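First to last, the sequence lines map onto chains P and F. When we follow this note's numbering, the leftmost residue of the first sequence carries the number 142, and every step to the right adds one. When we follow this note's numbering, the leftmost residue of the second sequence carries the number 142, and every step to the right adds one.
Honestly, the hints are just simulated from the structure, not real lab data. Values in this document were obtained by computation on a predicted structure and should not be read as measured data. Wrong hints could be hidden among the right ones.
Which copy? The list can't say, so a pair holds if one copy fits it or any two copies do.
Here are the computed lysine to any residue pairs in the SDA-like style, where the Cα-Cα straight-line distance is at most 25 Å [stated by the list, open to error]:
(1) K338 / R222
(2) K510 / A391
(3) K510 / P145
(4) K510 / G205
(5) K348 / I263
(6) K510 / R186
(7) K517 / Q401
(8) K510 / D207
(9) K510 / D187
(10) K517 / P145
(11) K322 / E433
(12) K510 / V189
(13) K517 / R186
(14) K510 / Y490
(15) K517 / T143
(16) K513 / G380
(17) K510 / F144
(18) K510 / V341
(19) K338 / A397
(20) K348 / P309
(21) K517 / P230
(22) K322 / D526
(23) K322 / A498
(24) K338 / D463
(25) K338 / E410
Here are the chains, one letter per residue:
There are 2 protein chains.
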Amino acid sequence: MTFPVVGMVGGGQLARMSHEAGIPLGIRFRLLSDTPQDSAAQVVRDVVVGDYRDLDTLREFARGCDVITFDHEHVPTEHLRALEADGIPVRPGPDALVHAQDKGVMRARLDAMGIPCPLHRIVRDPGDVAAFASEAARAAGARQDTGDADTGSGPGSGSGSGSAFPVPVVLKTVRGGYDGKGVWVVRSTAEAADPFKAGVPVLAEEKVDFARELAACVVRSPHGQAVAYPVVESIQVDGVCDTVIAPAPALPEQEAVQAQELALRIAGELGVVGHLAVELFETRDGRVLVNELAMRPHNSGHWTQDGAVTSQFANHLRAVLDLPLGDPRPRAEWTVMANVLGGDYPDMYSAYLHCMARDPQLKIHMYGKDVKPGRKVGHVNTYGDDLADVRERAAHAAGYLRGTIPE
Amino acid sequence: MTFPVVGMVGGGQLARMSHEAGIPLGIRFRLLSDTPQDSAAQVVRDVVVGDYRDLDTLREFARGCDVITFDHEHVPTEHLRALEADGIPVRPGPDALVHAQDKGVMRARLDAMGIPCPLHRIVRDPGDVAAFASEAARAAGARQDTGDADTGSGPGSGSGSGSAFPVPVVLKTVRGGYDGKGVWVVRSTAEAADPFKAGVPVLAEEKVDFARELAACVVRSPHGQAVAYPVVESIQVDGVCDTVIAPAPALPEQEAVQAQELALRIAGELGVVGHLAVELFETRDGRVLVNELAMRPHNSGHWTQDGAVTSQFANHLRAVLDLPLGDPRPRAEWTVMANVLGGDYPDMYSAYLHCMARDPQLKIHMYGKDVKPGRKVGHVNTYGDDLADVRERAAHAAGYLRGTIPE
């Protein structure tokens, strides 16, 4: 049989779960992993251990692959172009992927598309940040005064005095951040100094007073077919995803459809191939703003493994292979995903056994990682008709595995 | 983390799908495979290539495993005892497994338990078979005359003349058969000669005039917890499983519960650990007889991958690790599994693409095997509320992949 070989760069849990989804598809899965012990490297037959930052390693890895895709966004754009020049399909391609790699490029592109984003600006030093803070304060004041999100005039509400900002500002390195890393919330010129020390360009964004975070996930294939998953609510704790509820509770149908259309439009205009997660802020004043883009399977889509007809992992693989996409519809009224973070105890096995005994319907997904405090080492999915019950079961299991719930 | 290592002997599709189910469980999976190209060996990290009939190979493989389990029943009993003597848990253990390895031992044990089976006898030559055929004819006649399955007297209905039997007889080698191999239906002394040529003991069984075949699948753990899956209907074509319907249509609740209790009783009394499939005949005169036992994940349980809360593969692994078992209940009203057999065309990929396009809800499970006519190379699962639709979708996909349906 001429079933193709998918090469995935990166040995994390996204690759691990992609391989799991690829087994029934009958495809061959090849992994480029930093170490032989990485989460995915433990479970994949065909593993190349090497550094994705080295072009020769990438080329050697890509030989014999029918397509290259990613567990993370860190492969340098010029290497991806080199692979394409070698004739290897890279999906998503570098021209799309750069929007998930570089927050400055992403913001400029979404601005050009007229897509609502938090107020933002590339800043070069703490003085730039102070000026941005004043502008953000004026914009917030204007919104409060007029109830109109789009007018930029109006009086500033901040104090502007000394080094304290009138409103807090979010600073992000344009490349390399994830899960709260490379992100700072600063309230003064003094606090704004740190982010510039790495020498990476820094993006300033208004600190959005959001009611909640949503995510719209879609999958698009090279021939242009696309599917949209239900819009979910994502609950972050300390900058890390804690819980995802599918679908987002009490989200009006029209807003959900608009968010799906927004994600489909971004996928189409940017030429994304594979899974695209659009992280959104739903503001207290009723706006929806794009927070981040991810062009790979994403934490906000883990619920699909047990809650949708076709998981994000299976559909990502189908997309990068240009196979027809699978049905993204939910199988249960409610599905809740809760991340399992490492706690103080390195051995989770007895807690894991307890969770299985307490809830025979619980779906546990472990990543094979050593436990370190705060590290994502797995997730659980629960589903059913009663949202309160489904949430409680997921939260209990995740908390018990972490060790924060004693019984 | 001290997550355990499960060693599975045999590199077929059952091991492949067990590994798939083991990835989210976070367990380590080790495979003993005949070749590096076997179905499971393509997708598992930790593969030992070797011969399961060689004790040294088995011992080397078992070193570092927390438990040994099986993709097939062919490992010699004395080797399993040797592994146990080495202190390696073997699950199911040799005392249970022998009932799935040796049909003579199985029949004797079920007789002792008073469990209804087809009329049967170990036979040594064609003359024995002729005598058995006469007895089977008398028993069938008695059932017809009285409507009572349990009386063995009454006049024979066969001719008894020459070498032709009054009723056909099923001959099976007591060890080594599967999927119709090692099984013959014979109608005369002349036809009965072949099965004895291998020198393996032969079991004669009445050819049961069944209305349909059912399967009751249960999973049992060492500490005695057990779960029962819904009883399914299994449709065989040319001795090979073609379609499984879950649950068995129009099976009265009481009969379904009796079949589940029968399977649970067999699992308990034989000390089975892991998945047990009890293949059953539902006769036209309303009896249920045990046909075969399998102590491993089984074709009649493949529907659970997409149709049950916990798949047979996940529950088999949980059982052999003595973890609490997962919920066996169905997720859809109807789930249908259809096996994909190889057809005349070695390349299935374009048919596979077509099937995905036609039915975005279709769940395809490919085994990574080369296509050979009649060989099981995958299966499909479909589910939904409308049994006719669910059956049509499964049958179409399986037929199209095989090449027997042109559109």
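Checked hints:
{"no.": "1", "hint": "K338 / R222", "in the structure": "neither (30 Å within a copy, 65 Å between copies)"}
{"no.": "2", "hint": "K510 / A391", "in the structure": "neither (36 Å within a copy, 47 Å between copies)"}
{"no.": "3", "hint": "K510 / P145", "in the structure": "between (29 Å within a copy, 13 Å between copies)"}
{"no.": "4", "hint": "K510 / G205", "in the structure": "between (29 Å within a copy, 19 Å between copies)"}
{"no.": "5", "hint": "K348 / I263", "in the structure": "within (15 Å within a copy, 81 Å between copies)"}
{"no.": "6", "hint": "K510 / R186", "in the structure": "both (18 Å within a copy, 16 Å between copies)"}
{"no.": "7", "hint": "K517 / Q401", "in the structure": "neither (28 Å within a copy, 40 Å between copies)"}
{"no.": "8", "hint": "K510 / D207", "in the structure": "between (29 Å within a copy, 19 Å between copies)"}
{"no.": "9", "hint": "K510 / D187", "in the structure": "both (19 Å within a copy, 17 Å between copies)"}
{"no.": "10", "hint": "K517 / P145", "in the structure": "between (31 Å within a copy, 20 Å between copies)"}
{"no.": "11", "hint": "K322 / E433", "in the structure": "within (14 Å within a copy, 58 Å between copies)"}
{"no.": "12", "hint": "K510 / V189", "in the structure": "both (19 Å within a copy, 23 Å between copies)"}
{"no.": "13", "hint": "K517 / R186", "in the structure": "both (24 Å within a copy, 22 Å between copies)"}
{"no.": "14", "hint": "K510 / Y490", "in the structure": "within (12 Å within a copy, 35 Å between copies)"}
{"no.": "15", "hint": "K517 / T143", "in the structure": "between (37 Å within a copy, 17 Å between copies)"}
{"no.": "16", "hint": "K513 / G380", "in the structure": "within (17 Å within a copy, 53 Å between copies)"}
{"no.": "17", "hint": "K510 / F144", "in the structure": "between (30 Å within a copy, 10 Å between copies)"}
{"no.": "18", "hint": "K510 / V341", "in the structure": "neither (30 Å within a copy, 49 Å between copies)"}
{"no.": "19", "hint": "K338 / A397", "in the structure": "neither (40 Å within a copy, 70 Å between copies)"}
{"no.": "20", "hint": "K348 / P309", "in the structure": "within (6 Å within a copy, 82 Å between copies)"}
{"no.": "21", "hint": "K517 / P230", "in the structure": "neither (31 Å within a copy, 32 Å between copies)"}
{"no.": "22", "hint": "K322 / D526", "in the structure": "neither (36 Å within a copy, 47 Å between copies)"}
{"no.": "23", "hint": "K322 / A498", "in the structure": "neither (36 Å within a copy, 41 Å between copies)"}
{"no.": "24", "hint": "K338 / D463", "in the structure": "neither (43 Å within a copy, 53 Å between copies)"}
{"no.": "25", "hint": "K338 / E410", "in the structure": "neither (35 Å within a copy, 70 Å between copies)"}
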